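Whenever a hint applies, use it, and build me the whole structure from the sequences.
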Amino acid sequence: MFEHLTATLRGIGHRVIDRIWHLGAGARFFLHTLALSGESFRRLHLTIREIYFTGVLSMVIILVSALFVGMVLGLQGYNTLQKYGSADAIGVLVALSLVRELGPVVTALLFAGRAGTAITAEIGLMKATEQLSAMEMMAVSPIARVVAPRFWAGVFSMPLLSALFSMMGVFGGFLVAVPLIGIDNGAFWSQMQANVDWNVDIANGLIKSCVFGVACTIIALFEGYDAPPTAEGVSRATTRTVVNSSLAVLGLDFVLTSFMIS
Amino acid sequence: MSDNIVEISDLNFAYNDQPLLRGIDMLFPRGKVVAIMGGSGSGKTTTLRLIGGQLKPNSGTVRVDGKVVHELGSDGIYKMRRKMGMLFQFGALFTDLSVFDNVAFPMREHTDLPESVIRDLVLLKLNAVGLRGARDLMPAELSGGMSRRVALARAVALDPMLIMYDEPFAGLDPISMGVIVNLIRRLNDALGATSIVVTHDVHEAFSFVDYVYFVSAGQVVAEGTPKDLSTSAMPYVHQFVHGEADGPVPFHYAAPDYRQDMLRSTHV
Amino acid sequence: MDRTTLDLWVGIFVAVGMAAMLGLAMKVGNLTSSQIGETYSMTAAFENIGGLKARAPVKSAGVVVGRVDNIRFDDKNYEALVTINVGTPYHFPKDTIATIYTSGLLGEQYIGLEAGGDSAMLANGDKIAKTQDAVVLEKLISQFLYNKASENNSGDKK
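Taken in sequence, the protein lines are chains E, B and R.
So the first sequence is numbered by the working numbering: it starts at 1 and just counts up by one.
So the second sequence is numbered by the working numbering: it starts at 1 and just counts up by one.
So the third sequence is numbered by the working numbering: it starts at 1 and just counts up by one.
Do not rely on the hints blindly, as some may be mistaken.
[Stated by the list, open to error] Facing chain R, from chain E, some residues (calculated, C-beta under 10 Å):
| hint | residue |
| --- | --- |
| 1 | 48 |
| 2 | 51 |
| 3 | 99 |
| 4 | 157 |
| 5 | 163 |
| 6 | 168 |
| 7 | 202 |
| 8 | 205 |
[Stated by the list, open to error] Listed next, with one range per pair, are the computed distances between beta-carbon atoms:
| hint | chain 1 | residue 1 | chain 2 | residue 2 | range |
| --- | --- | --- | --- | --- | --- |
| 9 | R | 133 | E | 16 | 51 to 59 Å |
| 10 | E | 19 | B | 17 | 18 to 26 Å |
| 11 | E | 243 | B | 259 | 46 to 54 Å |
| 12 | R | 11 | B | 74 | 34 to 42 Å |
[Unchecked claim] Covered stretches of chain B (chain E as the covering partner; in silico rule of three or more C-beta atoms under 8 Å from a C-beta of chain E):
| hint | segment |
| --- | --- |
| 13 | 93-99 |
| 14 | 102-109 |
Rather than coming from a laboratory, the hints here were simulated on the basis of the structure.
Quantities reported herein were computed from a predicted structural model and do not represent experimental measurements.
Beta carbons are placed, not taken as given, at the ideal position from N, Cα and C, and that holds for glycine.
In structure tokens, the structure reads:
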């Protein structure tokens with residue numbers, strides 16, 4: 001029984017050390033990617049190609065989700081606000097929730113699920129089929145040629161997707177509030193404009209989405225690059241991408257929000 | 001300039017504390033086709049990776065064109081790799097690029113040649129492997145033999161002085177095998193290069209290579225021309241060449257006594 | 001996917017994304033109405049600024065005419081020195097009163113400027129002479145209680 005306990009503790013210790021080692025390797029990978037980023041900008045078509053696969057192909061899920069999130073915010077918000085006679089503030093509620101928090105965070109989570117897993121699977125499979133090795137043997141750095149363009153594409157796409165999400169969400173809230181429920185059109189927009197500040201709310205939201213973009217993309221890239229070159233290894237890596245990206249986004253959200261509020 | 005393009009002396013390599021290569025000595029003369037043969041997991045592919053600088057030895061040296069590989073900085077290694085071509089097992093073509101773009105890849109990455117010149121060179125290489133007509137296909141649309149040939153065209157895109165083949169015959173039908181054998185020999189002689197072929201296909205390899213190294217349990221157990229080795233009396237070589245089920249490489253994985261094992265299980 | 005189609009789609013994506021950002025700035029936020037123009041600064045001293053923060057609005061007649069730039073503590077006179085930036089088109093006479101108001105009952109605090117009748121105008125770097133402090137809730141309560149107490153006392157004496 002005592003042995004069982006020590007074995008469990010040793011297992012936990014082993015796993016914690018493993019995670020920390022993984023984190024360190026990830027940090028080193030991140031710095032390596034940044035160092036070899038020159039080519040992504042000199043040969044812009046590489047990055048543009050990746051922007052297509054991470055950004056353009058994510059537009060559909062982002063826009064559709066944003067519409068629904070905005071509409072739900074409108075409904076739920078109205079439900080609560082009208083109890084206090086403040087139904088006119090529905091525009092402010094929807095806009096602030098989206099621009100400050102939901103826009104960046106939900107976009108990041110959806111991005112991690114759609115584009116992040118695609119990146120991890122692609123790189124993991126390239127590793128498993130020895131394509132990365134072949135590139136190395138042809139004296140081409142896989143990090144400069146494969147990893148860095150995808151990184152910058154993700155970082156660039158994320159704020160754009162986040163802005164799209166917020167706009168679509170506001171539109172969704174508008175659809176519910178004005179045509180559906182009957183809130184005054186003028187009141188909806190004027191209250192929103194009076195209370196949403198460019199600097200504090202919108203710009204901060206965009207800064208958040210940039211940070212999330214960095215986090216999600218580098219996690220997706222690293223998990224793919226580090227995956228064991230087997231089918232099982234790659235599938236586990238994609239799961240890790242989603243889990244780690246989500247945790248990172250939510251954790252960073254807290255850190256950034258506390259910085260921005262103070 | 002030495003006569004050997006690659007010299008391996010006293011090479012030791014361990015993978016995760018498991019010793020894989022124990023004191024290997026090999027020489028690869030210029031212009032020759034040399035085979036490294038041995039059972040699965042004997043360290044053949046690892047040797048290729050050590051020559052290419054993807055792995056660092058624990059001790060001993062690997063010299064390519066006179067320079068010690070693991071002492072080169074990353075700049076030096078990349079310069080060296082531009083003079084090498086490697087054909088990976090199953091081809092390792094870039095799945096998002098067409099056949100043409102795959103072969104053009106090394107040229108586009110390492111040279112400033114205009115696209116018109118690259119086009120001519122790519123078609124030249126594809127013609128050499130007989131796949132000029134397949135230039136617009138994607139790797140997913142190719143058969144095993146065809147992907148191998150495209151990968152070969154890619155490996156020789158920059159006319160390397162050393163070409164390495166990792167199990168080039170694995171999983172091929174007899175016709176494709178014949179094609180690859182033909183290509184390896186012809187390209188080597190046409191380019192004046194040296195080829196190292198890692199394989200366990202005795203029949204195929206013996207038909208065209210100049211020299212063979214046999215590796216077992218981390219050491220070179222035999223070496224010689226195919227003619228010498230096919231008549232060798234050494235037990236390991238004999239078992240390998242004639243494909244005998246049991247010999248120095250045992251049939252049974254380590255297990256307790258058969259009778260005891262069977263009797264014990266009935267007691268439960 | 002050939003390169004030109006790819007570039008087209010990426011271009012569309014970037015254009016739509018930029019449009020969304022612009023839309024957020026204009027329609028959703030208050031970028032159009034916020035101060036981008038030239039400003040000149042003035043100072044005002046308060047004994048108590050309450051909850052006034054930097055970048056709080058400066059309003060006159062309810063219209064935003066400027067922003068609070070920064071707030072310092074003057075340890076010679078033991079008062080708060082507030083620097084405000086007012087838009088260049090707006091001029092205020094020298095006897096303007098700067099008061100700290102609260103928007104709504106418990107909202108954020110802002111500075112209200114009430115113009116006086118002086119013909120001379122405040123210039124860049126001038127100090128607003130007349131100020132009125134923020135209403136601090138605790139003082140209000142204690143004042144109320146004190147008044148109540150003295151009322152009762154005087155009531156008793158009678």
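Hold the hint about residue 51/E up to the distance rule: shortest CB distance to chain R must be less than 10 Å. Where the cut-off is 10 Å and the nearest Cβ of chain R is about 5 Å from residue 51/E, the hint holds.
Closest C-beta approach of residue 163/E to chain R relative to 10 Å, hint status: Given a least distance of 4 Å, the restraint on residue 163/E holds.
Would the hint on residue 205/E stand, with a C-beta cut-off of 10 Å toward chain R? holds, 8 Å
Cβ distance range 34 to 42 Å for residue 11/R and residue 74/B, holds or violated: Given a distance of about 37 Å, which is inside 34 to 42 Å, the answer is holds.
Outcome, coverage of the segment 102-109 of chain B by chain E - at least 3 residues whose beta-carbon is closer than 8 Å to one in that chain: holds (count 3)
Let's test the interface hint: is any C-beta of chain R closer than 10 Å to that of residue 202/E? holds, 5 Å
Tell me if the beta carbons of residue 19/E and residue 17/B are separated by a distance inside 18 to 26 Å. holds, 23 Å
Holds or violated: the hint that residue 99/E contacts chain R, with Cβ atoms closer than 10 Å. holds, 7 Å
Has the segment 93-99 of chain B got at least three residues whose CB is nearer than 8 Å to a CB belonging to chain E? Coverage by chain E holds for the segment 93-99 of chain B (3 residues, Cβ < 8 Å).
Just to be careful: measuring from the Cβ of residue 157/E to every Cβ in chain R, is the smallest value less than 10 Å? holds, 8 Å
Would the hint on residue 48/E be counted as holding, given a Cβ-Cβ threshold of 10 Å to chain R? Since chain R brings a Cβ to about 5 Å from residue 48/E, closer than 10 Å, the hint holds.
A range of 51 to 59 Å was offered for this pair. Does it hold for the Cβ distance of residue 133/R and residue 16/E? holds, 56 Å
In terms of the numbered hints stated before, the structure departs from none.
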